[in-house]
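Asker: In order, the protein sequence lines correspond to chains A and B. Heads up, the first sequence is in full-length UniProt numbering, so the first residue is 1 and it goes up one at a time. Heads up, the second sequence is in full-length UniProt numbering, so the first residue is 1 and it goes up one at a time.
Keep in mind that the hints were calculated from the coordinates and are not lab data. Do not take every clue at face value.
Said to hold, decoys possible - Have a look at the derived ranges for each label pair, beta carbon to beta carbon:
| hint | chain 1 | residue 1 | chain 2 | residue 2 | range |
| --- | --- | --- | --- | --- | --- |
| 1 | A | P392 | B | L79 | 54 to 62 Å |
| 2 | B | G261 | A | A365 | 51 to 59 Å |
| 3 | B | R275 | A | A365 | 50 to 58 Å |
| 4 | B | K281 | A | E148 | 30 to 38 Å |
| 5 | B | G261 | A | P108 | 27 to 35 Å |
Glycine residues also receive a C-beta, built at the ideal position from the N, C-alpha and C atoms.
2 protein chains.
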Amino acid sequence: MFLNHTITALTGMTSPLFPSPLLATVEAENSPIVLTGVLLSLVIIYLASKIGAEIAKRLDFPPVLGELVAGVIVGVSALHLIIFPESGLSASDSVVMTILEWINHLSPAAATSIFESQSEVISVLAELGVIILLFEIGLESDLRQLKEVGYQATIVACVGVAVPFAAGTVGLMTLFHVPAIPAIFAGAALTATSIGITSKVLSELGQLKSKEGQIIVGAAVIDDVLGIIVLAVVASLAKTGEIDVTNVIYLIVSATAFLIGSILLGGIFNKTFERIVNQLKTRGNIVIPAFIFAYFMAFLGNAIHLEAILGAFAAGLVLDESDARNELDELVKPVADLVVPIFFVTVGARADLGVLNPTVPENRAGLSIAVFLMVVAIVGKIVTGWSVFGQPGINRLAIGVGMIPRGEVGLVFAGIGSASGVLSKPLEVSIIIMVILTTFLAPPFLRLAFGEPVEPPSTGEPAREQPVLGGESQPTP
Amino acid sequence: MFLNHTITALTGMTSPLFPSPLLATVEAENSPIVLTGVLLSLVIIYLASKIGAEIAKRLDFPPVLGELVAGVIVGVSALHLIIFPESGLSASDSVVMTILEWINHLSPAAATSIFESQSEVISVLAELGVIILLFEIGLESDLRQLKEVGYQATIVACVGVAVPFAAGTVGLMTLFHVPAIPAIFAGAALTATSIGITSKVLSELGQLKSKEGQIIVGAAVIDDVLGIIVLAVVASLAKTGEIDVTNVIYLIVSATAFLIGSILLGGIFNKTFERIVNQLKTRGNIVIPAFIFAYFMAFLGNAIHLEAILGAFAAGLVLDESDARNELDELVKPVADLVVPIFFVTVGARADLGVLNPTVPENRAGLSIAVFLMVVAIVGKIVTGWSVFGQPGINRLAIGVGMIPRGEVGLVFAGIGSASGVLSKPLEVSIIIMVILTTFLAPPFLRLAFGEPVEPPSTGEPAREQPVLGGESQPTP
């Protein structure tokens, strides 16, 4: 079928994939090689994710930690198998590209273009991975229970944004004599929780449907929205020295309207979804309508300058209420199994552990600030557990620990701060270290905070109450 | 999580997705918008595929025909929702890009870059679609039965390459006074069968495992290899006027070694696969190893200048022999349901029906040649059914009809021919028309040739013998 590969190899002529009026571009000529690169990258990502997850499982860590670490090993910090042009690396640094060049005798220009295209494809697949993950988390979450814990989740989210922000900003100004604006920026980088990592670990521990799990997920979603708003404030502060009030109000209103609106409309759409599914007679009658909805909501989330994953999560919550949900759960599982690991491995692959190297002077200056930020990042989220009210016997430590991972959000802050010249290099490095360590420490911490899983994950109903604090005896597995 | 979107909107600053050393490229800055475009394109593709398939089903046509036609409607020929830069169109022609520009206030340069990136992503997803389709077809095919019909399939393939090639070349030279080299080129464009379309229709008719179905699939695979070899010959002929014998021998040897080698090694790998699957304890324990194998074989097929889909088909054949096959079938289904439609809709979307417009002088000149090529294309493949020996009562018409669709292969020929200046515009147009019409006519023809499906597709064992020719009575459903 797609003979272009051969064509390019044989003739060196332009040969688009499906050339209707036959105006081939460079992109089109390279596209079979891009496919080769994507296939090889996926093989590496899957091998890494499976080996990492299995080793982690055997060492009694959450599998997702293994995927992250495996990502680090194949990524920019070590083997250079999966790297991205954003890290300032070029095609010649990539082992995959070296293999492709060896197979296809590419020119440097073609290699650069192919490297960028295949990195773009892997990036989008990773983003589809986290979208599908949040869709699945939405399907596994219980809207009624989420509503029940809504107040607690909101308070946890607000405390978890306010405490690290205040403590981080004030601490940097007083202890490290950092000027106000960079201190505010770094404080803001301490706020938002990485919902992807937390929810995946919860799911692996079978704790997603526990009261603690639902509070964490709810709070992480709200956190994400708060993070966007904090970012809008801080970014306009860094750019103009003033706060763009209109934009902040727009974000608050649109986020609230989006989440509440999608849940309200969801009640109506549910019935429509079931009617549509029952009418369809061709293959994919459940999975395609479900993904149309999920992708459309993700598109909408992105389009109104919120986030794709919020839309996907809302779509999952809505469809969780439909009668087709059990069948849908089963169908989404293999899809998620194939796409979600791409996200976690690339998160690991993108984390440059080089910033931990103390022989680089900039890193040394950053390391002491990093220690401070780490303490604030961990303590500032752990205290949120004690802001939960009216839930006697709840595992407060687990809730706090669940909010710890910062993931990419913090790195985005560091990125803007650095690009706008607000952050000094040591401060930027210390934010990156804080993000990497909270991301990697949260899975084992969360595992410890919840104690032994009562039932294996992904089968049956997980345990609701499983106190490790407060002196109650633990249920035996 | 991915706040870049907001960042770009708010600050206009560079904001890579996960900016480790924070060297942002234009690609990275645009990547959340690329994701928005991909999500919107996928929503459109899924809507089109489902609506098309359901209407086709209700009109008693194969659903895949509906997906192709729906693709034409959303594609370059009509609505311009899903278009590709290869067709010479720019971002401003794309409705998806117009929506993105309206949401994000993009500069023309950014729009072009985003248009190319998101088209590249959709193209790769479509190619992954046909790879997964062929993997699934391999899983559904029976290696033993394929071996049994191996001789017949080889003969059908050879006849199906030789007859249209000879008739096309000679006819063009004698009837239309086309010079030898362009005539050979056009004749070559008549050879290769589109295995994707044929196998999908067979699967939908529940005929994939019938003797006819297995002969068609086997012949289409061999056809594909022969097509690569014919292309190598014709391309070097067009380029240098001579045939590159070394390359032709390399292709023949590598193709044979690849297919036979993978089947022989498969017997060993089967046991290893089962052992690995049984050892794995984390999610995706079957599906990830299976896709590692499928993608690796696809990569290998591409890397040795054969085809990715041949590798995926071989991987499917091998795993079909393993004990985990039933479970694997169930797991691959939803994945295929989500990715395969992207292939068929984009095939339709890329087909420019503008070449059928008789008011354009070039098209008029092409139309009479096109009629001739169509006749050769159809008759030249239908006769192959009568080259099958030792199979009394077999549905010869169905076999011949199954070889009719040319799909992208013919377009690739037209593309190279045009790029190298060998083909005149009318000849090129006539090849494109021939490809489009054989692709669209084959599904209903195949449906007619097989008569009514005995059982609904995808469940149970399909009927083996179902003659419509030869006077035998048909088994009642």
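Asker: Do the Cβ positions of G261/B and P108/A conform to the proposed distance bound of 27 to 35 Å?
Answerer: holds (34 Å)
Asker: May I ask you to test the hint 54 to 62 Å on the CB atoms belonging to P392/A and L79/B?
Answerer: holds (59 Å)
Asker: Between K281/B and E148/A, does the beta-carbon spacing fit 30 to 38 Å?
Answerer: Cβ of K281/B to Cβ of E148/A: about 34 Å, so the range 30 to 38 Å holds.
Asker: Taking 51 to 59 Å as the stated bounds, is the beta-carbon spacing between G261/B and A365/A within them?
Answerer: holds (57 Å)
Asker: In this structure, is the beta-carbon distance linking R275/B and A365/A contained in 50 to 58 Å?
Answerer: Distance hint for R275/B, A365/A holds at roughly 52 Å.
Of the numbered hints stated above, none is contradicted by the structure.
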